[in-house]
Amino acid sequence: MKNDNLIPHLFRTEYRKIVSVLCRKFGLEQFEVAEDIASETFLVAMHSWGIEGVPPNPAGWLYEVAKNKAKNHLHRNAIFNEKVAPVLADNTAEYDSEIDLSPGHIADSQLRMMFAICDPAIAAESQIALSLRILCGFGIGEIADAFGTTKEVINKRLTRAKEKLRSQKLSFEMPDSVILSERLDPVLLTIYLLFNEGYYSQSQHKTLRRDMCFDAMRLCLMLIENTLTNQPKVNALLALMCFHASRFDARLSGSGELVLYEEQDTSSWNSDLISKGMHFLNQAKSGSQLSRYHLEAGIAFWHTQREGTPAKWEQILHLYNHLLQINYSPVAALNRTYALFKAKGAQKAIAEAEKLDIEPDYFYFLLLGELYSTIDAAKSVHYLQEAFKLARTDAEKRAVKKKLVV
Amino acid sequence: MDEYLILMRLDLLTKEAQPSPEQMQGFMEMYNNWVGDIAARNRFVGGKGLSTEGKVLKPGGIVTDGPFVEIKESLAGFIMVKAESLEDATAMAAACPILYGEGNSVEVRMISSVHEK
Chain A
1 MKNDNLIPHL
11 FRTEYRKIVS
21 VLCRKFGLEQ
31 FEVAEDIASE
41 TFLVAMHSWG
51 IEGVPPNPAG
61 WLYEVAKNKA
71 KNHLHRNAIF
81 NEKVAPVLAD
91 NTAEYDSEID
101 LSPGHIADSQ
111 LRMMFAICDP
121 AIAAESQIAL
131 SLRILCGFGI
141 GEIADAFGTT
151 KEVINKRLTR
161 AKEKLRSQKL
171 SFEMPDSVIL
181 SERLDPVLLT
191 IYLLFNEGYY
201 SQSQHKTLRR
211 DMCFDAMRLC
221 LMLIENTLTN
231 QPKVNALLAL
241 MCFHASRFDA
251 RLSGSGELVL
261 YEEQDTSSWN
271 SDLISKGMHF
281 LNQAKSGSQL
291 SRYHLEAGIA
301 FWHTQREGTP
311 AKWEQILHLY
321 NHLLQINYSP
331 VAALNRTYAL
341 FKAKGAQKAI
351 AEAEKLDIEP
361 DYFYFLLLGE
371 LYSTIDAAKS
381 VHYLQEAFKL
391 ARTDAEKRAV
401 KKKLVV
Chain B
1 MDEYLILMRL
11 DLLTKEAQPS
21 PEQMQGFMEM
31 YNNWVGDIAA
41 RNRFVGGKGL
51 STEGKVLKPG
61 GIVTDGPFVE
71 IKESLAGFIM
81 VKAESLEDAT
91 AMAAACPILY
101 GEGNSVEVRM
111 ISSVHEK
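Chains A and B are the protein sequences, given in the same order. Just so you know, we're using the numbering used here here: the first sequence kicks off at 1 and counts up by one. Just so you know, we're using the numbering used here here: the second sequence kicks off at 1 and counts up by one.
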């Protein structure tokens, strides 16, 4: 990996780990100090690696620098407390400047941070935005995309949430079981969005994307390993991510371009991840709760079955019917219409597609082009051309072109 | 957009009118796809199926096993939808697969007030 790629990559994967561990050490109200130290660490890396070359263990190098900076900060604080504020009696903890950046401690700190941010003192809509910002290193634009809103809205949410972080003394302890289950949903959603960002982002940086996906899976696995959070929906989410991740290599070409599902080389689907997904999906069956993750995992399971039998599409349709009842999204509505086409034919699917409450975009026209392909070639071409006009990336343009040629 | 209640009534009493398990499976699939059509348009608000057991209460402390005391058509389930108008809601209800059954009926009512929780 070239140096100019390496630092952005490490920023996306390591920044949040450093911030989490430091927040745990300093307290959440000092998260800005933690962010400063983490940012300074990367600044040092940029200067130093440019001159001296990249060290053999770049992440470890970053941890060392962050550790020293944190120690200096604590030391300065200790001097301040000792000399300037001697009235403060119980500042012994400040002297303990050991910073633990072992993998277990990092992952545990990230989880605690997620649960801390999901404190009801912070508005629900801000919790996930803040998690994505601090923990996942998302840019404002990426968060806005994830929520389907504008950057201004996200900035406002973040500002309010950060004020709360500063003013409230939010605990960094793992909460008890009642609080834990109340905060579990936003935590799961954060993990899922982190995974999606790695899986679906337009970035051609394959290693970075894979790291984000596997980080999300690791966080979810930690919730499963904790008896308090080992709930069916958590297992369902991990199953979902395993099924998706099983196609990670097949859906990206060597140069990082998207390979369409029908054109993927099934032999590069990861059967180990598929069987892990089945295991977690089975674990998710206990209890009576049917979460969106159960339904999405079910759909993802069927997509690991290559043969497009009618039974497969009936099942997928059935699962989308349920998913839309509990968690409507335009993407799910479009996918459901495609499943309806595969299960019930073009006429029925076209009738429903035209009733959808969707702002016509690239995906909508691509779907209509597909639906008409078997019954009205001229209309199909017309819709595909509409899709082409609205395509935002080269990959999207190529996908339409391929269909237009055939 | 207003909310509408779609009430589904079935003949749960006449023995001959009851579907076989295979038919039942077919009906359930059609029902599921009908609700899916509505949900895909982001018009589904909520809904439940009802058990065939119940009680009917009347003034004077009269309680009988229900739900099908006097009429053949018993309430079998309901869904709530969002719709532009009564006509719009009626168009959604018209596709309800329960209407394939002789003697069944579907009723559409606008929800005019909500009991706050």
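By construction, these hints were calculated from the structure, which means they are not laboratory data. Worth double-checking, as some hints may not be accurate.
[Stated by the list, open to error] Pairs of lysine-lysine, BS3-like flavour, derived with a Cα cap of 30 Å:
(1) K55/B / K348/A
(2) K344/A / K55/B
(3) K233/A / K48/B
(4) K67/A / K151/A
(5) K379/A / K389/A
(6) K82/B / K233/A
(7) K55/B / K285/A
(8) K48/B / K355/A
(9) K355/A / K82/B
(10) K82/B / K348/A
(11) K48/B / K312/A
(12) K342/A / K58/B
(13) K82/B / K344/A
(14) K342/A / K48/B
(15) K276/A / K348/A
[What the hints assert, rightly or not] Away from chain A, derived, C-beta distances all over 12 Å, residues of chain B:
(16) M24
(17) S51
(18) A91
[As the list claims (entries may be wrong)] Just the calculated beta-carbon pair ranges, DEER-fashion:
(19) K348/A / T90/B: 17 to 27 Å
(20) G77/B / E29/A: 47 to 57 Å
(21) G54/B / R160/A: 45 to 55 Å
(22) A124/A / I62/B: 31 to 41 Å
Heads up, the beta-carbon is just placed ideally off N, CA and C, and yes, glycines get one too.
These are the hints, each one checked on the structure:
1. K55/B / K348/A: 41 Å, violated
2. K344/A / K55/B: 40 Å, violated
3. K233/A / K48/B: 22 Å, holds
4. K67/A / K151/A: Outside the cut-off at roughly 33 Å; violated.
5. K379/A / K389/A: Distance of about 16 Å is within 30 Å: holds.
6. K82/B / K233/A: Distance of about 29 Å is within 30 Å: holds.
7. K55/B / K285/A: With Cα atoms ~33 Å apart, K55/B and K285/A exceed 30 Å; violated.
8. K48/B / K355/A: Roughly 24 Å separates the two Cα atoms, so the pair holds.
9. K355/A / K82/B: Since the Cα atoms of K355/A and K82/B sit roughly 14 Å apart, the hinted pair holds (cutoff 30 Å).
10. K82/B / K348/A: Distance of about 22 Å is within 30 Å: holds.
11. K48/B / K312/A: 26 Å, holds
12. K342/A / K58/B: Answer violated: K342/A to K58/B is near 51 Å, above 30 Å.
13. K82/B / K344/A: Holds, because 25 Å separates the two Cα atoms, which is no more than 30 Å.
14. K342/A / K48/B: Satisfied, since the Cα-Cα distance of roughly 28 Å is no more than 30 Å.
15. K276/A / K348/A: Given that 30 Å is the threshold and the Cα spacing comes to 36 Å, the pair is violated.
16. M24: 15 Å, holds
17. S51: 16 Å, holds
18. A91: 10 Å, violated
19. K348/A / T90/B: 17 to 27 Å: 21 Å, holds
20. G77/B / E29/A: 47 to 57 Å: 52 Å, holds
21. G54/B / R160/A: 45 to 55 Å: 49 Å, holds
22. A124/A / I62/B: 31 to 41 Å: Given range 31 to 41 Å: violated, Cβ gap about 48 Å.
In terms of the numbered hints stated before, the structure departs from hints 1, 2, 4, 7, 12, 15, 18 and 22, listed from lowest to highest.
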